[in-house]
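Protein chains: 2
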Amino acid sequence: MSVTAPQGFEAAGVAVGLKSTGKPDVAVVVNRGPLKVGAAVFTSNRAKANPILWSQEVIRDGVVEAIVLNSGGANCFTGSFGFQTTHQTAEKAAELLDVSAGDILVCSTGLIGTGDEVFRAKVLEGTERGIAGLSADGGEAASLAIMTTDSKPKRAVATGDGWSIGGMAKGAGMLAPGLATMLVVITTDAVLDSTQADAALRAATGRTFDRLDSDGCMSTNDQVTLMVSGASGVTPDADAFAAALADVCQDLARQLQGDAEGASHDITIEVVNAASEEDAVEVGRSVARNNLFKAAIFGNDPNWGRVLAAIGTTQAAFDPYDVDVWMNAVRVCSAGGPDAPREAVDLTPRATHLVIDLKVGAATATVLTNDLTHDYVHENSAYSS
Amino acid sequence: MSVTAPQGFEAAGVAVGLKSTGKPDVAVVVNRGPLKVGAAVFTSNRAKANPILWSQEVIRDGVVEAIVLNSGGANCFTGSFGFQTTHQTAEKAAELLDVSAGDILVCSTGLIGTGDEVFRAKVLEGTERGIAGLSADGGEAASLAIMTTDSKPKRAVATGDGWSIGGMAKGAGMLAPGLATMLVVITTDAVLDSTQADAALRAATGRTFDRLDSDGCMSTNDQVTLMVSGASGVTPDADAFAAALADVCQDLARQLQGDAEGASHDITIEVVNAASEEDAVEVGRSVARNNLFKAAIFGNDPNWGRVLAAIGTTQAAFDPYDVDVWMNAVRVCSAGGPDAPREAVDLTPRATHLVIDLKVGAATATVLTNDLTHDYVHENSAYSS
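So the sequence lines, in the order shown, correspond to chains E and X. The opening position of the first sequence corresponds to residue 118 in my numbering, with each subsequent residue numbered one higher. The opening position of the second sequence corresponds to residue 118 in my numbering, with each subsequent residue numbered one higher.
It is possible that some hints are incorrect.
Remember, identical chains collapse to one label, so a pair may be satisfied in a single copy or spanning two.
As the list claims (entries may be wrong) - No farther apart than 20 Å at their CA atoms in a straight line, the calculated lysine to any residue pairs in the SDA-like style are these:
#  : residue 1 : residue 2
1  : 136       : 434
2  : 476       : 319
3  : 140       : 431
4  : 209       : 219
5  : 269       : 238
6  : 476       : 163
7  : 140       : 249
8  : 476       : 196
9  : 239       : 437
10 : 140       : 462
11 : 239       : 132
12 : 209       : 137
13 : 136       : 448
14 : 476       : 394
Rather than coming from a laboratory, the hints here were simulated on the basis of the structure. Values in this document were obtained by computation on a predicted structure and should not be read as measured data.
Throw the hints in and build the complete structure from the sequences for me.
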């Protein structure tokens with residue numbers, strides 16, 4: 118059900134030929150109210166796609182009626198023509214829904230530089246057909262239409278005391294924070310105002326999507342949107358809602374990690390006893406972005422030296438000769454020296470758990486990443502050709 | 118000839134079984150004077166190997182008598198036993214050369230965590246045999262003994278007006294600045310004091326080795342050493358010496374790039390019209406470290422969108438919608454939009470030239486990198502097992 122699990126939402130997914138495979142490629146999610154609250158966070162990449170430039174303006178007043186998303190083309194670096202395409206998409210949806218174009222979010226994903234006249238015509242056609250096909254159980258179709266190199270759709274649902282949250286996500290490469298190459302739409306029928314929605318979304322994404330760092334590459338098109346219908350009529354307990362929203366985000370983040378391009382290991386990097394949460398994140402990210410470490414994990418090689426070499430590039434508080442490293446529950450390095458033999462570590466399972474004990478404080482953070490594989494190189498050397 | 122090309126130096130390379138292949142693995146370079154001036158730059162990784170910790174102390178007084186280098190083990194994160202091994206190596210060399218142990222530099226390269234009693238015995242044996250075998254034409258043997266995954270030795274020579282410079286380098290992976298996984302020894306018979314030697318070395322490495330960023334991974338063991346014998350009796354013109362030293366460093370850096378693990382393209386990233394040299398370096402490095410861009414080049418795919426997405430992660434001054442990108446002399450992106458079709462770009466040659474025109478200033482910088490290939494993943498997934 119994903120985005121149509123909560124009351125007050127309709128969705129659709131249609132195929133208009135943006136994907137050469139003929140699979141669905143335009144999704145629409147509409148908020149039927151009574152509230153029309155929206156919040157969104159965007160890529161922090163300074164090179165932003167046209168839909169991001171548009172959506173950043175739309176979200177300012179906290180009012181969102183609908184969101185149109187397409188796969189099969191990023192509409193990024195496509196000039197003023199590309200921006201007009203995004204604008205026309207919003208206007209088309211607004212006209213058909215009888216609302217303001219300034220309340221329509223637009224998202225695109227696919228190859229950068231794709232956004233010509235054929236692209237425009239297909240996106241507009243998809244917007245029209247999507248709105249014509251809206252239904253209260255269209256969440257599944259919508260989740261299929263936003264897929265790019267994803268091997269499976271990503272959906273999550275959480276329920277509270279009289280309210281619920283639904284979400285869908287796409288993303289399989291360019292997964293690095295601020296955010297990852299992800300498009301995410303989350304809906305809820307809980308009663309929230311735009312300030313509450315914005316705060317809840319930022320808190321949840323900051324510790325979930327922003328700590329998924331599959332390949333260190335930051336996208337131009339990322340957007341995570343929260344749409345609030347209030348159709349349940351229930352004002353949720355703030356903490357309970359925050360926890361449920363974080364659960365949905367983490368569930369989707371884990372699904373993105375599990376489907377990352379070419380990956381053979383899902384690596385959880387848990388940094389403990391750091392001086393601050395910022396230090397813990399910096400250390401986790403340095404390891405997540407170290408190609409030599411990632412290649413070693415692909416080869417089932419518990420090469421802890423590469424972990425320490427990565428940590429050494431950070432500014433975090435730690436003594437390199439007082440660090441412990443655990444791999445899949447085996448302490449391979451203690452106090453900056455060799456501990457258990459490499460034969461003691463079993464890295465054959467896909468789930469890989471790295472613990473780095475900095476021994477300087479009480480803060481902790483967890484960063485999710487993947488290994489660096491032949492298939493990653495293969496998929497990304499052949500993406501646009 | 119490499120390090121024994123200048124007058125006043127003797128060198129040797131011997132095999133003591135640190136490498137399982139039986140190839141040479143310990144090198145010694147001795148300065149016979151009359152000057153015994155030395156300068157060195159070290160990895161900026163905070164996780165430093167024992168030889169780095171030792172050599173940083175040795176270099177403080179600017180006096181260097183000799184350097185002992187081993188491959189086949191990094192002696193990094195090997196505890197106090199490992200540090201004692203480095204210390205004993207220096208003492209052994211000092212005793213045999215009848216000089217102070219405080220004037221003996223030590224370098225190691227190989228697997229982190231390697232440095233047990235067997236390692237120590239072999240390094241000490243190699244030090245002894247290397248010093249026994251010193252000769253004025255031992256530069257070639259020394260350059261062979263420092264190789265790890267290098268497929269060929271790296272040597273360079275430059276001559277000035279009555280003086281000369283010789284150099285050798287090793288390095289094929291973990292190539293990222295500050296510095297790369299490189300061991301470099303450069304010798305000269307020009308007359309320089311330690312202040313001049315230090316300044317000249319920092320200036321040369323700052324624009325050569327520090328701008329080689331093959332795989333973004335910073336090593337624990339890097340060291341570039343300059344040894345000055347003054348045996349020519351000639352005080353060089355400062356500018357001429359600086360230029361020759363930079364030439365030797367750039368020559369060696371290019372050889373390291375050309376032999377980088379698994380690489381199929383040597384990518385020169387030239388950033389022009391930046392607001393500052395720092396901006397230009399930051400932009401070049403962001404592209405050099407972008408796995409998606411590097412995989413695309415491996416696939417001969419002129420995917421300029423990934424270049425812009427990488428630049429967008431920097432803090433450099435630029436407008437993403439006013440950037441031009443050239444690949445092998447074809448402008449594939451102008452003013453942040455598509456230009457020449459991808460078919461116009463021939464990426465089959467190993468030498469790949471990327472030009473990024475930021476259009477905001479007059480500064481420029483060039484960063485060297487490699488593509489991300491199946492072979493890179495393969496070599497680095499099987500390194501220690």
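Against the structure, the hints:
1. With identical chains, the CA atoms of residue 136 and residue 434 are never at most 20 Å apart, being 48 Å at best within one copy and 36 Å at best between copies.
2. Taking the closest pair of Cα atoms, residue 476 and residue 319 never come within 20 Å of each other, the shortest separation being 29 Å inside a single copy and 35 Å across copies.
3. In this assembly of identical chains, residue 140 and residue 431 lie within 20 Å of each other by CA distance neither inside one copy nor across copies; the values are 44 Å within and 36 Å between.
4. For the homomeric pair residue 209 and residue 219, the shortest alpha-carbon distance inside one copy (12 Å) is at most 20 Å, but the shortest distance between copies (77 Å) is not.
5. Taking identical chains as interchangeable, the C-alpha atoms of residue 269 and residue 238 are never at most 20 Å apart, the minima being 27 Å within one chain and 56 Å between chains.
6. Taking CA atoms no more than 20 Å apart as the test, residue 476 paired with residue 163 passes between copies only; the shortest distance there is 16 Å, against 36 Å inside one copy.
7. When the C-alpha separation of residue 140 and residue 249 is checked against a cutoff of 20 Å, the pair qualifies only within one copy, where the shortest distance is 18 Å, while the shortest distance between copies is 73 Å.
8. In the homo-oligomer, the alpha carbons of residue 476 and residue 196 lie at most 20 Å apart only across protomers (17 Å), although the nearest pairing inside one protomer, at 51 Å, exceeds that limit.
9. Neither within a single protomer nor between protomers do residue 239 and residue 437 lie at most 20 Å apart by alpha-carbon distance, with minima of 55 Å and 26 Å respectively.
10. Proximity of residue 140 to residue 462 under the C-alpha cut-off of 20 Å is found in neither arrangement, the shortest distances being 42 Å within a copy and 31 Å between copies.
11. Taking CA atoms no more than 20 Å apart as the test, residue 239 paired with residue 132 passes inside one copy only; the shortest distance there is 9 Å, against 68 Å between copies.
12. In this assembly of identical chains, residue 209 and residue 137 lie within 20 Å of each other by CA distance neither inside one copy nor across copies; the values are 24 Å within and 69 Å between.
13. With identical chains, the CA atoms of residue 136 and residue 448 are never at most 20 Å apart, being 47 Å at best within one copy and 27 Å at best between copies.
14. With identical chains, the CA atoms of residue 476 and residue 394 are at most 20 Å apart within one copy only, with a shortest distance of 13 Å there and 38 Å across copies.
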